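Chains as they are written, first to last, in my numbering: chain A, 1 to 373; chain B, 1001 to 1309; chain C, 2001 to 2266.
Note that these hints are calculated values from the structure, not bench results.
Keep in mind the model is a prediction, meaning the values are calculated, not measured.
There may be inaccurate statements among the hints.
Unchecked claim - List of simulated lysine-lysine pairs, PhoX-like, C-alpha gap at most 25 Å: (1) C:2103 x A:216; (2) C:2252 x A:216; (3) C:2135 x A:10; (4) C:2103 x A:365.
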Amino acid sequence: MLYRETGQFKTSYAADMAIFPIRQDRIALYVLLAIAFIGIPVLDALQVWPFAGEYLLRAILIPFLILSLAAVGLNILTGYCGQLSLGSGAFMAVGAYSAYKFGTGVHLPLGLFDIAIPALPVLPSILLGGVMAAAVGILFGVPSLRIKGLYLAVATLAAQFFFDWVFIRVQWFTNYTSSGSVTAPELNFFGLIVNKPVERYLLCLIFVTVVALLAKNLVRGNIGRQWMAIRDMDIAAELMGIRPLYAKLTAFAISSFIMGIAGALWAFVYLGSWEPLAFNIDRSFQILFMVIIGGLGSILGSFLGAAFILVLPIMLDQVPHALGIPISVETVSLLVFVVTGALICWLLIVEPHGFARLWLTGKEKLRLWPYPY
Amino acid sequence: MVAFGQFLEVLISGLLAGVLYSLVALGFVLIFKASGVFNFAQGAMVLLAGLALVRALDLMVAKGMPFWGAVIVGLVFAAAVMSLTAYLVERFVLGPLVNQDGLTLFMATIGVTFIIEGGAQMLFGAEVYPLPLFPTDAWFLFEKTFEGGILVSKIDVWGGMIAAVLVVGLALFFQRTKTGRALRAVADDHAAAQSVGISLDWIWFIVWLVAGLVALVAATVWGTKLGVQFSITFLALKALPVLIIGGFTSVPGAIVGGLIVGAGEKIAEAYLGPSIGGGIEYWFAYVLALAVLLARPQGLFGERIIERI
Amino acid sequence: MRATGGPEIAVGDVLLSVEAVSLSFGGVKAVSDVSFDIRKGEIRAIIGPNGAGKTSMLNIINGFYHPQHGRITFKGATRSRMRPHEAARGGIARTFQNVALFKGMTALDNIMAGRTLKMHANLFWQMLRVGPALKEEIEHRHRVEEIIDFLKIQDIRRVPVARLPYGLQKRVELGRALAMEPELLLLDEPMAGMNLEEKEDMSRFVLDVNDHFGTTVALIEHDMGVVMDLSDRVVVLDHGIKIADGTPDEVKNNQAVIDAYLGVAH
């Protein structure tokens, strides 16, 4: 009975088109934001369980936020625009290494003229990382105009393997370090040094909140409808005057931009120093699974999927231990494979729109409660 | 003549390596033709078949069975595992997903890939297992014509011969047997095939079984060459560009595509590698596929698609 | 409701004409040497037995298929081939034989998608959803709600179209086409698979669209009763060839048409 919209009348289309037209949803969102922005930092300062030590922030919340961001990016491309990508890792890598280059100074001797940009502050570096990823995304999106579905998946796989190779072999990108591993510059935001886990967490949280809001606005506006039209029935969309070129390339650009930022944050804020391996094809599959499990075509789903994929291995590790069943680390990692795969198959069969749809169904039920219909 | 001899050596080794790609690509084509499913799990099936084979074989040898006997037991056991897999996949994943669009089915096979990869290694172990089925040393040919001769690895030749036998066998299966003809009927039109009394469940099981057996054959060759190990699945991913180049629906396309990719990446590695940094093999096939896609979206041997609405 | 651009064409003048159009797929002739015209403000039916090339004809008109021979003149501009976006921009809207809605979207979003060509706020504003983007969104929502009222589908606006019954899907699809405010509306079997009541509803909508908005309609239909009642002029195709053209009465009594439908060998 708590969750009912009776009596909430909308008097304008603007009110009807709000992100959360139902009051209870709005309240829930404010509560969630308050917990995220105020509650968690306070609990961390007090070192209350489970925030004792830095494990929860460092190993769960920060990666959760960053990977959610990447999942939002992929969801725009795959979930909303229907273009399957197996190359998310590559776009994240382009973001990370571009941000690194901008952050440490770009010097590119081209013979006739040299490109030399001094080291930029962190924030513009990260954003430019996103811009570079967007440019690469557009480049690999161009084939999507002629090829569809599985064929495009292979094109994105080409991006994945090509960039894996580039960042291992082309030492210019790693500033010629002997190990191939690079270290992020100091996280200095307008004089504010972000260092402690809780500061890193808040930084990611701000990025995620802003990007998720902007992404939500895009998908429920005109361009979002164009993307979904292309996804659902591209021929009909074209005959209605929707330009596939524009729709697909904007999806590639915006999706890659977000993934590039996620990649830069992953490298700068979560890892600190990293190798190309951090963005290999396993990462691409991880992000794809988040999107499938969370819900194709749902911003909320990106978060649910990211949470699930991150928590699953921890659960599979902890639960048998708690029950007194000895289970080796290796078995856990293999079990994660099996459970994830099985869940993907199961969801595709029973609920192709993932957790997000289950969530919606739950809300419907709650509205009608205590009546079944 | 040294340069030409070297080129020949690279070309031959590339073509023979390409045959191995073709072997996996064949499995893809079989499933795609009959069910319209693009089976991402083909590489995982090679790993599963290889692990089942090598583990059963090692066990039998440890129990004192002669090697050839152990090989037979291993092959039979692996074939049994592949048929069980085919049954389970058909029954629990593809059966319920019948009539879904290609992309959903593709994502489901990615799920299947992870189940098989995790499950196979949990059951049979996750280490590198040597599989000494074929000789791995090399011949030196034309030693009189070229200085040092042309090095040809025996395992690659074995692979080539096995692939040839397999292709002939499959061709006979499709042309001469009742099941093979039913398969072709299903490929042409699901509904029509059902209406003349062909059971789709049965046919799809057969398709996955045949693909599983092709995976087993590929596993014998690859396992001998590299040892049975997880990274085999990545080599199997190369079957994707092979298919793009050859066309998804064409058996000859899979073979020619494999040869092009195999030879192309070896030649690129040998001649471009030194100037732009080694390891081109890693991405060459995919970028080549991308180029082919842009020029000819249906692949070299694929059929042109007419869109209707 | 009127699409912008192009010269103003008076009622009764030729809006679109196809001249000597031929289309074949790898040797199979779908349409051969067909000419006819559509006048502004009329309801024009295209009929013929199965495989006569009717849908191919619509596909040619809105640029999805490119004919090998012949010319298409739309609003005074002559082309050898139409392009889909030119057709849409010029004011040709379309429904499809097998409903081609955007299955994952709600009825409301489907119809809103029909307004795409008329929305111009750039990505920056859309991202922030303020200023021009929000204003535009609300403005077009008003127009879309008018269409929703007209088609009496208020109660299903938030339902994903995949869940709707067939008859309603057809109605939403008509709504999506109307949202484009077309000058020429192409309907490919709008009443296929409907029961009598649904057919009557749909006929009423087609007549209303034609009457109230002055939209020119070209429709393919198999139900002869509907065709004879609705249309001003009828063109008959058989095996890709035009065999008759005229008012419903003329066509009804044409020997070639009777033969084609009864299957006389020729």
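Status of each hint after checking the structure:
For a cut-off of 25 Å, the pair hint linking residue 2103 of chain C to residue 216 of chain A stands: about 20 Å separates their Cα positions. Taking the CA atoms of residue 2252 of chain C and residue 216 of chain A, the gap is near 56 Å; set against the 25 Å cutoff, the hint is violated. Distance restraint check for residue 2135 of chain C and residue 10 of chain A: the Cα-Cα separation of roughly 17 Å lies within the 25 Å cut-off, and the hinted pair is therefore satisfied. With a C-alpha separation of about 23 Å, the suggested pairing of residue 2103 of chain C with residue 365 of chain A holds against the 25 Å cut-off.
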